[in-house]
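Protein chains: 2
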Amino acid sequence: MESKLLLHMNSGKGERSYANNSMLQRKLMIKGKHILEETITRFYSNYSPSCMKVADLGCSVGPNTLLVISNIIDIVDTTCTRLNQEPPTFQFYLNDLFGNDFNTTFKSLPDFYKRLDEDKGHKFGSCFINATPGSFHGRLFPNNSINLFHSANSLHWLSQDPLLEFTKEAESFNKGHCHIVSTSPPAVYQAYLKQFQQDFKFFLKSRSEELVPGGAMVLLFLGKNKTHRRTGWEIISLVLNDMLLEVNNNFFNQLITIGVS
Amino acid sequence: MESKLLLHMNSGKGERSYANNSMLQRKLMIKGKHILEETITRFYSNYSPSCMKVADLGCSVGPNTLLVISNIIDIVDTTCTRLNQEPPTFQFYLNDLFGNDFNTTFKSLPDFYKRLDEDKGHKFGSCFINATPGSFHGRLFPNNSINLFHSANSLHWLSQDPLLEFTKEAESFNKGHCHIVSTSPPAVYQAYLKQFQQDFKFFLKSRSEELVPGGAMVLLFLGKNKTHRRTGWEIISLVLNDMLLEVNNNFFNQLITIGVS
Chain A
1 MESKLLLHMN SGKGERSYAN NSMLQRKLMI KGKHILEETI TRFYSNYSPS CMKVADLGCS
61 VGPNTLLVIS NIIDIVDTTC TRLNQEPPTF QFYLNDLFGN DFNTTFKSLP DFYKRLDEDK
121 GHKFGSCFIN ATPGSFHGRL FPNNSINLFH SANSLHWLSQ DPLLEFTKEA ESFNKGHCHI
181 VSTSPPAVYQ AYLKQFQQDF KFFLKSRSEE LVPGGAMVLL FLGKNKTHRR TGWEIISLVL
241 NDMLLEVNNN FFNQLITIGV S
Chain B
1 MESKLLLHMN SGKGERSYAN NSMLQRKLMI KGKHILEETI TRFYSNYSPS CMKVADLGCS
61 VGPNTLLVIS NIIDIVDTTC TRLNQEPPTF QFYLNDLFGN DFNTTFKSLP DFYKRLDEDK
121 GHKFGSCFIN ATPGSFHGRL FPNNSINLFH SANSLHWLSQ DPLLEFTKEA ESFNKGHCHI
181 VSTSPPAVYQ AYLKQFQQDF KFFLKSRSEE LVPGGAMVLL FLGKNKTHRR TGWEIISLVL
241 NDMLLEVNNN FFNQLITIGV S
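So the protein lines, in turn, are chains A and B. The opening residue of the first sequence carries number 1 in the numbering used here; numbering runs sequentially from there. The opening residue of the second sequence carries number 1 in the numbering used here; numbering runs sequentially from there.
These aren't lab readings, by the way, just hints derived from the structure by calculation. We treat Cβ as the ideally placed atom computed from N, Cα and C, and that holds for glycine. Just so you know, not all the hints are guaranteed correct.
Capping the alpha-carbon separation at 25 angstroms, the derived lysine-lysine pairs in DSS-like fashion look like this [said to hold, decoys possible]:
id, chain 1, residue 1, chain 2, residue 2
1, A, LYS205, B, LYS114
2, A, LYS107, B, LYS107
3, A, LYS114, B, LYS201
4, B, LYS224, B, LYS201
5, B, LYS120, B, LYS107
6, A, LYS114, B, LYS205
So, partial list: chain A residues that the calculated Cβ filter (under 10 angstroms) puts toward chain B [unchecked claim]:
id, residue
7, TYR93
8, PHE102
9, PRO110
10, GLY134
11, PRO142
Using the sequences provided together with the hints, build the complete structure.
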């Protein structure tokens with residue numbers, strides 16, 4: 001539970017915040033918007049709920065969080081207009097781990113509601129936004145309670161380090177990387193794959209219980225082919241690993257200082 | 001909307017935080033627990049939902065926030081055992097204004113879930129906790145979506161300063177207080193009463209649309225009799241007013257500095 005509490009994107013709106021460093025994720029969401037459109041159109045061909053309950057899993061913090069909401073409202077509105085139907089009430093659930101900076105997102109909601117009212121003519125009160133903190137590798141909602149699940153750029157996060165089972169050999173095993181790299185031996189690939197399969201199984205099992213019959217799910221995440229080529233991720237992996245070592249060293253230095261004093 | 005964003009209890013867990021200075025509110029909640037018990041017993045005599053949806057309005061931050069949840073789970077569990085029924089799944093919605101420190105509450109949830117599991121034998125997953133930021137003087141949830149509303153020590157907060165209509169005379173009118181005091185003239189009493197009546201009307205109208213038929217509502221808040229006696233609130237009122245004046249003075253001083261440079 002501890003790692004699920006501690007892990008989060010960089011909070012706030014500062015220079016180094018996730019909110020100001022998530023352009024890549026935004027581009028991927030825009031690129032995948034047509035999948036959301038197709039899914040919602042298909043959803044509406046079978047079912048028109050009076051209240052559309054949508055959960056965004058791994059929402060993080062920043063403009064992308066609210067972009068998901070306005071995209072979905074936009075697509076549903078267009079679909080309803082085409083079908084000559086009243087748009088539904090929306091109830092959104094923004095999910096991320098317990099340590100995520102939901103406060104920053106909440107503070108931007110009054111402006112968001114105002115823009116929604118101006119842009120789309122929605123009366124205030126027809127869109128209700130909630131937060132649901134917790135791990136999407138487990139249950140988050142009651143049975144049969146969500147019409148549409150959405151998750152973008154989040155499912156590649158694993159529930160735990162896949163190399164844990166290798167104990168002390170792990171560091172040399174993957175040459176200090178905390179990610180698959182071009183030089184990783186097959187056992188590392190297997191360990192990451194096994195962890196992802198296990199996590200994804202728990203993810204799908206949970207969502208299958210939470211999804212209303214006839215509901216839909218849109219999952220956007222990066223895949224990896226088998227070509228072993230060096231990528232930017234390896235550099236990031238090395239930097240992250242250095243930072244981790246630095247934190248550990250500081251921690252042990254502090255322990256030594258306490259021991260001496 | 002701006003005041004609804006800015007107002008909040010003191011964040012975090014520090015010495016001056018609301019979390020560490022809300023013993024009075026805790027005592028009132030404990031004192032009113034029997035009302036919650038009677039209400040839930042009456043609720044269960046008519047209806048047993050498979051998922052009990054509960055909203056706590058004006059939840060703030062700190063141990064009281066989670067005390068409400070464990071009290072309600074406790075009472076429902078006892079009631080179900082007495083009626084020989086399976087306990088329901090719980091879905092809680094913690095509500096407060098947009099500026100409330102929900103992050104601190106969320107960070108305490110892993111420990112809360114752990115204790116819940118140990119104390120009450122609840123499997124993880126049978127209690128889902130969400131946050132719903134916004135003003136309870138307006139709509140917060142879709143129609144017919146909440147089984148039980150709870151609000152303790154919150155409804156005395158008004159949506160705006162009742163003396164606004166008195167413009168510049170207000171300060172001298174209520175002798176600098178931001179609260180009814182023993183020396184307040186009848187017009188101040190009337191203004192506060194009128195604002196409360198208007199706010200409470202909007203509150204009840206919203207809840208009546210959101211409450212599932214057969215649902216229940218428990219509202220605990222301090223009242224005031226007509227005896228004009230000096231209370232501790234007057235001292236607090238004066239201190240708050242001084243702080244407000246200080247902020248205003250600093251603001252104008254800054255404006256003057258900018259003007260000169």
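For each hint, the structure was consulted:
{"no.": "1", "hint": "A/LYS205 to B/LYS114", "in the structure": "holds (22 angstroms)"}
{"no.": "2", "hint": "A/LYS107 to B/LYS107", "in the structure": "holds (18 angstroms)"}
{"no.": "3", "hint": "A/LYS114 to B/LYS201", "in the structure": "holds (24 angstroms)"}
{"no.": "4", "hint": "B/LYS224 to B/LYS201", "in the structure": "holds (19 angstroms)"}
{"no.": "5", "hint": "B/LYS120 to B/LYS107", "in the structure": "holds (21 angstroms)"}
{"no.": "6", "hint": "A/LYS114 to B/LYS205", "in the structure": "holds (22 angstroms)"}
{"no.": "7", "hint": "TYR93", "in the structure": "holds (7 angstroms)"}
{"no.": "8", "hint": "PHE102", "in the structure": "holds (5 angstroms)"}
{"no.": "9", "hint": "PRO110", "in the structure": "holds (4 angstroms)"}
{"no.": "10", "hint": "GLY134", "in the structure": "holds (8 angstroms)"}
{"no.": "11", "hint": "PRO142", "in the structure": "holds (4 angstroms)"}
Checked against the numbered hints listed earlier, the structure breaks none of them; every hint is satisfied.
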